[in-house]
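Novice: Below, each chain spelled out in residue letters.
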Amino acid sequence: MSGTDIGFWGVPLAMFAGAIRVSTPFLFVSLGECLTEKSGRINLGLEGTLVFGAMSGYAVSYLTGSPWLGVLAAGISGMFFGAIHGYICKLPKVNDIAIGIAMMLFGTGLAFFFGKPFIQPQAPHLPSINLGGWSDYPQIQSALEINPLFLVGAVLAVAMWWAFKNTRWGLIIRMTGDSAPAALAMGYSVDLVRFLATTVGGFFAGVGGAFLSLYYPGAWSEGLSSGQGLMAVALVIFSRWNPLLCFGAALLFGAAGAIGPALQSVGITQGYYFFNAAPYLLTLFIMIASVSPKRSLKGAPGELSITK
Amino acid sequence: MSAFTLNRRTLLKSAAIGSLGLTTGLLTQRSAFAADLTIGIIYVGSRDDYGWNQAHAVAAKALAAVPGVKVVEEENVPETVAVSKTMESMVELDGAGLIFATSFGYYSPFMVDAAKKYPDVQFRHAAPLWTDKDPKNAGSYFGYLDQAHYIDGIAAGLSTKSNKLGFVAAKPISSVLSNINSFTIGARKVNPNATVQVIFTGDWSMPVREAEATNALIDAGCDVITCHVDSPKTVIQNAEAKGVKSCGHNASQADLAPKGFITGAEYKWETIYKQYADTLTKGGELPNFLSGGYDLDFVQNTPYGAGATPEAIKAADAAKVEMKAKVPVFVGPLKDNTGKEVIPAGTSHAPYDPWIDQINFLVEGVTGSIT
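So the protein lines, in turn, are chains A and B.
Here our numbering is used: the first residue of the first sequence is 1, the next is one more, and so on.
Here our numbering is used: the first residue of the second sequence is 309, the next is one more, and so on.
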């Protein structure tokens, strides 16, 4: 046994590291979706926004040499997608879920179209903060290489949780989501609130995409997102529209994604198809658990078209 | 998702097919002119994926430089009825006389049906699937990449310090398993202490999981990483970022890892494509089944990178000479990684032995399981 061999401890460590590495896109998309749904609308198009954000972030990082500009560009492009969704949905008799699916296809298609010239080049990556310098184990050091976006996401989750509870803005968004007539009676434009919530939600999802292409796995390719944007939507329901729980759920999904490779790396090689499917199985169980007829969706915004 | 991308050729086709209706019959009757050949190449992904598609695209580029040959390409064609439409439009609109369908799932029923529909056009598919029952204007071509992975293994076995090599693999099918096995046999031939740890991701293109697998292998102590996935970009980039060495797959990834790249197993489709074009422009007949390895120049290794040690280069160069002389890789006695003997002492399997296409085990020295 060499000094760096940590044997079976590799599995929990890999899950911990995976939770940090893989969770960030989940976190940003689910926070964006949480904000949108709190205002009473569902944006299923965030998968498309995520992919387009990944492409535009990578492209801008490559063209300008600054990954942070790439993150900003990804966010702004996400805002546009959010704004389109928000605008179309305020037209009469428009179904937000159908528009979301259309936006998802539109976003991925557009990203593939514009992304062609950026598959080959290598864009500068986002830096990471090394918090593992105290440890002699390279595994722990690499697990604690944390991207600033992860920390931003964590702070954002807390801030959103606090803002929903304690600020006027949070109250307006929650009110719009729970009862449009109440918001109207108070003199707020329901459409405007939802438009802004969807736009800002799109910004978050775009930033999540930039993390995929600019940090981990760290390259733009057309197969980059394996449904992370869609899983994040399920995650919002799982976390009962609570930003803090979104953070926890994102970590859980990240860890679940790391199980498959980690178990194989310590020699548990049987049944890896099952372990690789862990995040998807988790989604399925969450869906089953959350539709129980006895526990109605607590915390669900009353105006959401799925709960209406 | 690519099914929904706006596709210029399909769009053109649907617009033009109506007006072409009457002339279609005439067009299909047209025979290829002796010195003027249009070749259509269809990719399942993007042409510059640092992997399988790029290997074909590099060859397409070389082919386009041949006088009298025109190349038309289409990327991101899913393995669905979409490929039928693409082939149809390549024949009808571009007048293609030879079509290369480069993805596994294009073959049946899509390419077989197209070959029946257009008997004057030659169709070739990049996997050993053609049988006597299929149309005579269809066929298969294939390169035995396991020979190049064997060279990779030899170079990796002499470039490792921890004696632990990592292999990120997509699916446990025979072509992947024979690459893992050849890599392992090569590594252990020059370094009996070397072991290979394999992680299956379960699919051909899963960037996040490939990155996780790479990290897990590195955390487990592997200091050389190689892979068999569609696009090795993620694996090689992550290995380089973590400061470990890497061996490539499919196409050249040397520029992704300036510090740690050892060498890589590459296809050289160019040889096959040029051979086909040459035969057709001279009016000859194409073989239905064409496969080969190092001896026919169908596979090659990427030029050595900074990660290759001098001993590794020396041993790998010697092994290349052996491969060109068709020296067998699979020599008995050989056990699989559960201890069962798979090749008895005294027997060996030469390159191109159908036995190699049927491999369903991992050799001794591999940590991993195919179920």
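Since the hints were derived computationally from the structure, they do not count as laboratory data.
A virtual CB, placed ideally from N, CA and C, is assigned to each residue, including glycine.
Fair warning: there could be bad hints in the mix.
[To be verified] Per label pair, the in silico range of CB-to-CB distance:
1) A/F114 - B/S482: 33 to 43 Å
2) B/K424 - A/I268: 31 to 41 Å
3) B/L401 - A/I101: 28 to 38 Å
4) A/A102 - B/D605: 47 to 57 Å
5) A/S66 - B/D511: 26 to 36 Å
6) A/Y87 - B/D344: 37 to 47 Å
7) A/P121 - B/L401: 30 to 40 Å
8) A/P121 - B/A373: 22 to 32 Å
9) B/A373 - A/M287: 21 to 31 Å
10) A/Y137 - B/G640: 34 to 44 Å
11) B/P500 - A/L284: 41 to 51 Å
12) A/S66 - B/T617: 33 to 43 Å
Novice: Against the range 34 to 44 Å, how does the distance between the Cβ atoms of A/Y137 and B/G640 compare: consistent or not?
Specialist: Given about 42 Å between the Cβ atoms, the range holds.
Novice: Just tell me: holds or violated, for the beta carbon distance of B/K424 and A/I268 against 31 to 41 Å?
Specialist: violated, 48 Å
Novice: Between B/P500 and A/L284, does the beta-carbon spacing fit 41 to 51 Å?
Specialist: holds, 46 Å
Novice: Should the hint that B/L401 and A/I101 are 28 to 38 Å apart at their CB atoms be regarded as holding?
Specialist: holds, 32 Å
Novice: Per the hint of 47 to 57 Å, is the separation of the Cβ atoms of A/A102 and B/D605 within bounds?
Specialist: Holds, since A/A102 and B/D605 (Cβ atoms, about 50 Å apart) stay within the stated range.
Novice: Taking 33 to 43 Å as the stated bounds, is the beta-carbon spacing between A/S66 and B/T617 within them?
Specialist: The hint (33 to 43 Å, Cβ to Cβ) holds, given that A/S66 and B/T617 are roughly 37 Å apart.
Novice: Falls inside 33 to 43 Å, the C-beta gap from A/F114 to B/S482?
Specialist: holds, 39 Å
Novice: Does the beta carbon distance between A/Y87 and B/D344 stay inside 37 to 47 Å, or does it fall outside?
Specialist: violated, 53 Å
Novice: Quick check on a hinted range of 30 to 40 Å for A/P121 and B/L401, using CB atoms only.
Specialist: Given about 32 Å between the Cβ atoms, the range holds.
Novice: With 22 to 32 Å as the target window, see if A/P121 and B/A373 comply at their CB atoms.
Specialist: holds, 24 Å
Novice: Is 26 to 36 Å a correct range for the gap between the Cβ atoms of A/S66 and B/D511?
Specialist: Between A/S66 and B/D511, where Cβ atoms are some 33 Å apart, the hint holds.
Novice: Is it true that B/A373 and A/M287 lie within 21 to 31 Å of each other by Cβ?
Specialist: violated, 54 Å
Of the numbered hints stated above, those contradicted by the structure are hints 2, 6, 9, listed in ascending order.
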